[in-house]
Amino acid sequence: AQTVTQSQPEMSVQEAETVTLSCTYDTSESDYYLFWYKQPPSRQMILVIRQEAYKQQNATENRFSVNFQKAAKSFSLKISDSQLGDAAMYFCAYYTGANSKLTFGKGITLSVRP
Amino acid sequence: EPEVTQTPSHQVTQMGQEVILRCVPISNHLYFYWYRQILGQKVEFLVSFYNNEISEKSEIFDDQFSVERPDGSNFTLKIRSTKLEDSAMYFCASSGTSGTGTQYFGPGTRLLVL
Numbered sequence: 001a002q003t004v005t006q007s008q009p010e011m012s013v014q015e016a017e018t019v020t021l022s023c024t025y026d027t028s029e030s031d032y033y034l035f036w037y038k039q040p041p042s043r044q045m046i047l048v049i050r051q052e053a054y055k056q057q058n059a060t061e062n063r064f065s066v067n068f069q070k071a072a073k074s075f076s077l078k079i080s081d082s083q084l085g086d087a088a089m090y091f092c093a094y095y096t097g098a099n100s101k102l103t104f105g106k107g108i109t110l111s112v113r114p
Numbered sequence: 001e002p003e004v005t006q007t008p009s010h011q012v013t014q015m016g017q018e019v020i021l022r023c024v025p026i027s028n029h030l031y032f033y034w035y036r037q038i039l040g041q042k043v044e045f046l047v048s049f050y051n052n053e054i055s056e057k058s059e060i061f062d063d064q065f066s067v068e069r070p071d072g073s074n075f076t077l078k079i080r081s082t083k084l085e086d087s088a089m090y091f092c093a094s095s096g097t098s099g100t101g102t103q104y105f106g107p108g109t110r111l112l113v114l
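In order, the protein sequence lines correspond to chains A and B.
So the first sequence is numbered by my numbering: it starts at 1 and just counts up by one.
So the second sequence is numbered by my numbering: it starts at 1 and just counts up by one.
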């Protein structure tokens, strides 16, 4: 069974600084997709970034980028120039074409200090 | 930008009552999902739906749950006889394709069972 692990429950970053959120996963599949979702206090789930496992190039989306290490089954999210609006819960998630469901990690609470 | 919508945003019900949670997926999407998130916990998959039938369901999705696409736009989750432990945030999601498609989430319905 696929599992997603986010071992850090909380992190804090100074505004304008860079922070990295960690995620590891376990799978026997070779073709899959990885996501980071942001959940602000409103509890809406907002897609931050997506990575296809077959792509070697790390995905980037403005201030957000990932470090995808397929052999290590690691998928970390880097947030550059952190802003107050980045404060939220961040969930790492895994998806494979073999089934329909997203499997989520437990999430990490990110706080941003002004 | 198209988005998934959900109604109601909040629902309070008595234990044993039936509730129907409604979702309007993104209009050209074909795959629909329900997830739930108990407060402070991770997001859990409930069910996926395609071509007017369930594709996959989790062990949480027992006989008291059902899903339906009653018309071309709505997608509903019914809980027949609510229990206290059904109190959670319920998210609807949709995607244009299965296996490779990104799932876009609605804002959620916060269900409280008393």
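A portion of the hints provided could be inaccurate.
Unchecked claim - Listed next, the stretches of chain B that the computed footprint assigns to chain A, with coverage defined by at least 3 CB atoms under 8 Å from CB atoms of chain A: (1) 1-8; (2) 38-46; (3) 49-61.
Treat the hints as calculated values from the structure; they're not laboratory data.
Yeah, the Cβ is synthetic: ideal placement off N, Cα and C, and Gly gets one too.
Exercise. Which numbered hints does this structure break?
Worked result: Those not satisfied come down to hint 1.
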